[in-house]
Amino acid sequence: MSEAARIRLLLGGLALAVAALFVLSLLTGPAATGFADALAGLFAGDRGPLALIMREIRLPRAILAAAIGATLGLSGAALQGYLRNPLAEPGLLGIGAAASLGAVLAIYTGLAAALPLGLPLAALAGAVLAVIVVQALAGASANGLTIILAGVAVSSFAAAATSLALNLSPNPFAALEIVFWMLGSLNDRSMTHVWLSLPFMAAGWAMLAALARPLDMLTLGEPAARSIGVDMARVRFLAVFGTAASVGAATAVAGAIGFVGLVVPHVLRPLVGARPSRLLPASALGGAALLLAADIAVRLLAPGRDLKLGVLTALIGAPFFLWLVFRYRRTLT
Amino acid sequence: MSLLATDALSVVLAGRTVLDAVSLHVGPGECIGLIGPNGAGKSTLLKAVLGLIPARGGIALAGGDGRAMTARRRAEIAAYLPQEREVHWPVSVETLVGLARGYVRGPLAGPSPHDRALVAAAMQRMDVAALRARRATELSGGERARVLIARALAQDTPLLLADEPTAGLDPAHQIALMATFAALAREGRSVVACLHDIALAARWCTRIVVLDGGRLVADGPPGTVLEATLMRDVYGVEIHRSDGKDGLIVLPTALSGGHANDTERP
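In order, the protein sequence lines correspond to chains A and B.
Letter by letter, the first sequence follows residues 139 to 471 of the numbering used here.
Letter by letter, the second sequence follows residues 876 to 1141 of the numbering used here.
No lab work stands behind these hints, which were simulated from the structure alone.
Just so you know, not all the hints are guaranteed correct.
Computed footprint of chain B on chain A, listed as stretches where at least three residues anywhere in the stretch have a Cβ under 8 Å from a Cβ of chain B [unchecked claim]:
1. 346 to 356
2. 359 to 366
3. 409 to 422
Just so it is clear, CB atoms sit at the ideal spot from N, CA and C, and this is done for glycine as well.
This is chain B alone, in the form it adopts within the complex (with noise of 0.2 Å):
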């Protein structure tokens, strides 16, 4: 059972290759993190798989043809969080989380018992349950963020797709999150998740999926992708690495060449 599987997808934006023949196949329970310097593709492999931009390529939701199914089915496939945390009206924070529901029968009709609960539970994981009532463009940036994060789990898809999910958050809003990324996992979903956060997504992730140029250049547990010669060629960083009792810890410590001759290596 695959919930998302690409053949060679590629994407052209402007005449350039943006996306190069990406075959990527996510199964149920993974927590994968998705890494690679600015420009990679890591977005626009998203966008492409969401068929949000046109792509060419197989693209696979849930064993369904992603390009033939309606938006709708696929929204009860994937939930998508983008980069841009936009709110346009100054809805109740409630209001937005229960749009991932699509519960909006009618301009009067309220949600049904299960759609309030799975709202209630998203904003509970997500720690804005204090903030229900309040305008969600009057947030702080991480709350908003949270908020938005509720919205994307409220949708209650097999398979979630976050695009820089940990940005604007704090030390312990992203552990919380990633913590919930790896709970869901263990629920038989799956999360494919943007991450600049080269440490967390080590320590957090079930598997590593690297984008350099619009490639696939590595693809497989933390532990095997995240070693010294990949860094160095991907990021050009040096890292200090780690395996304790916390599990594995990789932290970029300088840039390769010649800033890197006083690094320590493991």
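Only chain A is shown next, with the shape it has when bound in the complex (with noise of 0.2 Å):
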């Protein structure tokens, strides 16, 4: 089988294990539904409560699922490509902590209270103000090493300032939330929240899918990059803004959820041969894959108790790190 006929066999298997997935996803919660009642209830006219629940419940979830695991997928993808660095991942920017921050202030001040939409509003604030602080600490120069440290600098200045939040909070419920909003979550997320993230998710796919070309030839490094006609100004422009749009929002709607974009990228690039531009379609379904089944996982686990969507893919993240690990340690000796 030829390299492309393989690759586009990969991507049409993980294209519709997102579909059945997606399909599962709408078919599991509390209350119990045929497969071909939940379809009806998706699409019926009438406004009983089997087509609430799928339509307000389960399709947004499934929606915020697949959007925020192919944003985790392709971000990390991009961003491990464009700093030719495979432990880079979208947290690495302090985009997703600055979110964390906003959506902490916002529970703190009241703001998440009083208006429907404070919390993930703020998130997004939080996401674009790390993004200009990101950028004009980096400077002018178009090197990687000063965005990471960049982005270094700023996520530990989120979380410090989110300590302070839950330090200072008046009172344990207030702590309560702020400490359960950053386990991460889809639970009882609405169309509004969809349609609040999905247009700044889109956009920063769009930014992200940009770069396939110019970060397969900065497999030969920058210099060589520059001289086989790469822009490299541009391509720190689209990797940073891609980033922090698609992950901001990501990070407004559903908190802060790990693993996702370092994990995903390190399994599919031996399948893609390596190629950066292969592994950005790839990892964006395979994200998205990733997080409709951890939360189809998170439903069934544990019915009823909340298992937290960020915990439990930590809870696989760490473990396959560690695996890393030892892979790499094979690889040296």
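Two independent chains are provided; combine them into the complex using the hints.
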């Protein structure tokens, strides 16, 4: 089988998995429904309880799981390619941490309770602020290392400010709400959340997808890539703002969900011949499939206990990271 | 017709003048050996010409203003082989060489037949066709160097700027590479190669340009430039030189000064 055919097969398989998991996600929940009934409820004109459950609860949840998973996988693959560092992940730029800080401040100040969309909007504002600070700190040089350092500075500060908000929390309920929100979840999200976040995520995807060709060329290192026509200032702009728009919006509606952006590109890289341009669509699909599966798992594993999505992805992700360490050690010996 | 012309090109890095008013003219069909001691500014000259580092002075590439042209247009005129042999992902050799064609139109689009032919020819020239399916990160140093030179050749440009292309190659591949450069020059293309191997430069280059302390100190045919006084002044070495049936042979033999007493002079 030729390489191109193998990639097509992989992408087709991943797309099928996403579609199957999407349907499965629609069928998963405390209200027992048959397959046919559930789908009928989704498309029926009436406003019965089943139609409400399907359209107002399960559909937004499934859409968000797929879109956020795709965001994390895609941005992880793009950042690893841009920084030429297999340990890069969306959290590296400090955008997730800053979005969390925005959300925490919204909870802390009561903005989240006063306005229905106060929390996600504050989180988005945090992400925007973070990306401006990272760009300003990194300066005019198009160097990947300065971006990482600026990202570390921003995430450390955002984490410290979040801790301060917890520390000074006026009542234990607010503190609990903050902690729970930060664990990451797709529980009780509505179509309003979808409409708020999807445009930003789609804009981010478009920017990151435009990186496909330059990322391939960066395999040769920055000087050689520039000599074959790569504009590094444009690459950096697309990588930073694409990540900010998509991951900022994802964090704003779902909280911090770790490890998907790190693990998915890693698993898929050998299957696409390590080519960054092919890793982008594969990681987007892989991330969507993984997050849909994880979101189904939290509902099946502990129904009624509201197991947080971010907790589950971290539980899967950390052992995988250990496995990476072992595998890396083997290649060195 | 000029492929490259610099006019008083100067580069200042961290307050130090690395390149000092270098004016160089490269026409078609030349194989130029850029020589000089470590830190003479050879790599800096190549990078400045390509706009990879900020520089003062004029840069003309194929008649156009090198500064005003887009990176893509520049890539059509000049190919560049950096001194650092970077390969960041374990992609196949063929994919890596193919990057020169920029043929990755989409994640799934393949190269055009013309691109394929250029990539195949470049791999053939550098004797890496047999490695096409290997992962580029798992090659030996010399193999990787040849693959990266093939990448630069596949760019199919009239001008090739190569930074120490022979480093890490065995003698057979060094000679094959220099013969390739000579063949490119016969096709009307030009090569500017930073070299440390004076013998290779003397034997294969049509012209030698000598940099010392950021200044251009000599420029001309190998037979004229590579003489004892210049080599002593620039490198501080004595040379053995012969002009036999195998062409010009210049071999550094000893350090100048107190060490040079036993040197045989031709």
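Hints, one by one, checked against the model:
Here the region 346 to 356 of chain A counts 5 residues with a CB under 8 Å from a CB of chain B, which clears the bar of 3, and the coverage holds. With a threshold of 8 Å between beta carbons, the proposed coverage of the region 359 to 366 of chain A by chain B holds, since 6 of its residues qualify and at least three are required. Counting residues of the region 409 to 422 of chain A whose C-beta sits closer than 8 Å to any C-beta of chain B gives 8, which meets the bar of three, so the coverage hint holds.
No hint from the list above goes unmet by this structure.
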